[in-house]
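Got chain A sorted already, so can you dock chain B onto it with the hints?
If you read the protein sequences in the order shown, they are chains A and B.
The first sequence maps to residues 1 to 543 in this note's numbering.
The second sequence maps to residues 1001 to 1266 in this note's numbering.
Hints are not guaranteed to be accurate.
[Claimed, not checked] Derived EDC-like pairs (lysine to aspartate or glutamate); straight-line CA-CA distance at most 20 Å:
| # | chain 1 | residue 1 | chain 2 | residue 2 |
| --- | --- | --- | --- | --- |
| 1 | A | 156 | B | 1089 |
| 2 | A | 7 | A | 484 |
| 3 | A | 395 | A | 481 |
| 4 | A | 473 | A | 387 |
| 5 | A | 155 | B | 1240 |
| 6 | A | 4 | A | 483 |
| 7 | A | 81 | A | 437 |
| 8 | A | 7 | A | 305 |
| 9 | B | 1208 | A | 46 |
| 10 | A | 326 | A | 305 |
| 11 | A | 200 | B | 1089 |
| 12 | B | 1208 | B | 1240 |
[To be verified] Simulated restraints, written as ranges between beta carbons of each label pair:
| # | chain 1 | residue 1 | chain 2 | residue 2 | range |
| --- | --- | --- | --- | --- | --- |
| 13 | A | 138 | B | 1146 | 57 to 67 Å |
| 14 | B | 1244 | A | 182 | 36 to 46 Å |
| 15 | A | 482 | B | 1191 | 50 to 60 Å |
| 16 | B | 1012 | A | 468 | 44 to 54 Å |
| 17 | B | 1184 | A | 357 | 27 to 37 Å |
If you're looking for bench data, these hints aren't it; they were derived computationally from the structure.
Just so it is clear, the structure is predicted and the values come from calculations on it, not from any experiment.
Beta carbons are placed, not taken as given, at the ideal position from N, Cα and C, and that holds for glycine.
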Amino acid sequence: MLNKNSKYLVLAHFWVAFAGFFVALLLGEWQMVMRSPLVHWIGDPELYYRSVTAHGSAMAYVLPTLVAMGFGYAISEFSLKQALIGRRWAWLGFALVVLGTVTAMIPVSMGLASVLYTFYPPMIGNPFYYLGVVLVVVGSWIWVALMAINLHAWKKTHRGEPIPLPMFANVAAAYLWAWTSIGAAIEILFLILPAAFGWKTTIDAGLARVFFSWTLHAIVYFWLMPAYIAFYTLVPRAIGGRLYSDTMARISFVLFLVFSMPIGIHHLFQDPQVGSGVKFLHAVFTGMVSIPTFLTVFTICASVEIAGRLRGGKGLLGWVAALPWKNPMMLAVAFSFVMLGFGGAGGLINMSYQLDFAVHNTQWITGHFHLIFGGAIVIMYFAIAYDLWPHLTGKALANVRLMRTQLWLWFIGMIVLTFPWHFVGILGMPRRMAYYDYANPAIAPQAFSVIISVIGGLLLVISGVLFITILVKGHLANRIEPEEFRFSMAVHAPTRLPVALNSFGLWLALMIGLTITNYGFPIAQLMSLEQTSVPAIPVGVRK
Amino acid sequence: MSSERVFSFKNMWFTASVGGVLAIVVIAACIGFIWIPSSQSDKTITGLWDAICTAAGVPSRFQPVLLPTLPTGRPSNVIVTATMMHPADSQSIGRGATLAMQCTMCHGIRGMSEAASPNLAGQADAAIYKQLRDFKSGNRESVIMQPLASALSDPDMRDLAAYYAYLPRDHNVARSAQVEQAPLIVLNGAPMRNIGACASCHGDHANKAAVPNLDGEPESYIRAQLQHFAASTRRNDINEQMRNVARQMTPDEIDAAAHYYASRGE
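This is chain A alone, in the form it adopts within the complex (with noise of 0.2 Å):
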């Protein structure tokens, strides 16, 4: 049960989360509805990529990053079962993120900083945009360090005991973003600022983006493990069903953490600053993240499996059938697999450091990140609210049918935005284009592609309007005395675990020691090379 006040601090995460997302979709669909042909352009390219920055800063920080402190905090508290220890700095955690998004928001809607949320210099912003994204920074930082007190308080009561597995996840997804947001840390105080303040004219811009590229794939995992810890510790409970294995739970989260980190650069294989044995380095890297992926899938599938032979299947498939179709968590897990398992197919496309040269920067890779991150991860974003709402609110979340359409919205939506985005990726469409001349007839074929992502944006706004109405209506619902949250449980619950897999050591040892074979000489021979400065161009509006 959680403490009255810790309800508020998780409610007040999700709900600035929420928030943030929602005006996030309704900018998304209007740059769609903008580029497309159905109305005339707004003829000014900079409105454009303000919104662009703006939808791509909140998605890509303020969402999952509250989400996954909100329910860090959650998780701290009902699965050690003890009560938050440094609530106070929990909340001032929050106030920094809040106060950093609405720091970095102020330039953003002034066009002050149209950089997009990944920064690319040598383009420059107002210095506030990237104070603002520090503090947000900072305030999780916060996150982190209290998820490894309270862990560590637990183990000195529980000596010997396993960690619980939710707790064991959600302390390594914080480990994980501790040391992933170093990288576009050191950018932005580095290299960044000095040249947004005007005390230089220059920017390393090929070293920015190799510590840029250090944030950049991790915290694609740390955007996904909220999804993954609700994957192995929400949906077997959720469905009836059970773990199947808690042991493979833990090797696929610790394999996150060694793995995530040491393949950024399959972000810049189109890069001249990084030698080409480098990227093949990381390349393969990026092959082995598909192990602990590919573990978790067979491990959720064989706990769904569990689940439906428990209700009656039979057969190969029979147990298909039998499963509780109803409840929005199954619903849930089952669309994010799809698009897990789309988004999956298309990032191998990406990682191979041939086949990537065909749809580098091209509406291909925008697709790629909606449909894992957009889908497969938020739509478990949404699936962990509706899980959580009660204990939280103390109030019925009753309306199943409603919530299941929001889902379908979500899933049929998504999809509908981003296979045309994938297929006219191959044909060779830009990405961060403000504008497609229409009247070339190069481009006029591909004009349709853009009209069914405008209508599978306009499903996903829908889908986000239901979202906030079911949380809504979550609050003035009857009053309830919700049973006590329980996480899933395993098929053999464990005992006994080897010290490696109840400890983190051994595996932030290997995340670091990877990091420095990996990166260690591209940025020690960057920031040695004389001459690689280029000229800061500031972005935005002067005068």
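Chain B in isolation, oriented as in the chain A frame:
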């Protein structure tokens, strides 16, 4: 259980995970740093160490023999960088003001011309400096400017640039009005003909080294320069960026762009 040590070769988890990761690193590195670069048909790789260095991205020595030599010579000798111009001090501006006495006949007493020659007041210092050097070296042809510039030393040109950049030029056109008035060629370019938007370099959003500010320049001057670029009688744009654009522009578009920029900043 708590007595079990993780960082020990007796621990199976330690040996397997560290050994496995090391094996992947070594195998991947051998393929990526040795095998692939060595098997390229590229003849410049001479040995194992060279293959590793190439794959690691160590810059190879500059090889001037590989650079093509243009029959027409270089379009310009000026290498434009963001730090090409030193910050102007008052002495430099003062010297520039004295030197500028010989320019007033055409460019006006305070850098605002009344003779359809370019207005230099408030112009980007890097742009003025580059053009002066190109006049002196003959990369930009002008029977008037060439003899004048040939007498100027490098510090003279810097002083002149600093002085004219320092002089004020009015910018009093509201932003919203610009968007409405700007012709399509300035705002969007013409993607079908490979013409970028003029405004992407000459406009509010752009701040690129040595790109001149065109606001309020005489219409006839802008039109003439575009025509020179189109006819390749002006060739000091180092990557042919202006020649490629101007060749594709129609006479109407040249007129529209010239008229638009001339009308700004009046």
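Hints, verified against the model:
At most 20 Å may separate the alpha-carbon atoms for a hinted pair to count; residue 156 (chain A) and residue 1089 (chain B) exceed this at roughly 66 Å. For the suggested pair residue 7 (chain A) and residue 484 (chain A), the alpha carbons sit about 14 Å apart, so the restraint of at most 20 Å is met. In summary, the hint linking residue 395 (chain A) to residue 481 (chain A) is supported, as the alpha carbons are separated by about 8 Å, within the 20 Å threshold. The suggested pairing of residue 473 (chain A) with residue 387 (chain A) holds, with an alpha-carbon distance near 15 Å, which does not exceed 20 Å.
For the given pair, residue 155 (chain A) sits about 68 Å from residue 1240 (chain B) by alpha-carbon distance, which is inconsistent with the 20 Å threshold. Only pairs whose Cα atoms come within 20 Å are accepted, and residue 4 (chain A) paired with residue 483 (chain A) is accepted, the gap being roughly 16 Å. The suggested pairing of residue 81 (chain A) with residue 437 (chain A) is violated, with an alpha-carbon distance near 59 Å, which exceeds 20 Å. Note on residue 7 (chain A) and residue 305 (chain A): the hinted pairing is violated, with a Cα-Cα distance of about 33 Å set against a maximum of 20 Å.
Only pairs whose Cα atoms come within 20 Å are accepted, and residue 1208 (chain B) paired with residue 46 (chain A) is accepted, the gap being roughly 17 Å. Of the supplied pair hints, the one linking residue 326 (chain A) and residue 305 (chain A) holds, its CA atoms being roughly 16 Å apart against a limit of 20 Å. Between residue 200 (chain A) and residue 1089 (chain B) the CA atoms are separated by roughly 18 Å; this keeps the pair inside 20 Å, and the hint holds. Straight-line distance between C-alpha atoms of residue 1208 (chain B) and residue 1240 (chain B) comes to about 16 Å, which keeps the hinted pair within the 20 Å bound.
Our hint of 57 to 67 Å for residue 138 (chain A) and residue 1146 (chain B) holds, since their Cβ atoms are close to 59 Å apart. Range check, residue 1244 (chain B) to residue 182 (chain A): about 44 Å between beta-carbon atoms, so the 36 to 46 Å window is met. With their beta carbons about 58 Å apart, residue 482 (chain A) and residue 1191 (chain B) fall inside the hinted range of 50 to 60 Å. Between residue 1012 (chain B) and residue 468 (chain A) the Cβ separation comes to about 50 Å, which falls inside the hinted range of 44 to 54 Å.
Distance hint for residue 1184 (chain B) and residue 357 (chain A): a CB-CB separation of about 34 Å, consistent with the stated range 27 to 37 Å.
Checked against the numbered hints above, the structure breaks hints 1, 5, 7, 8 and satisfies the rest.
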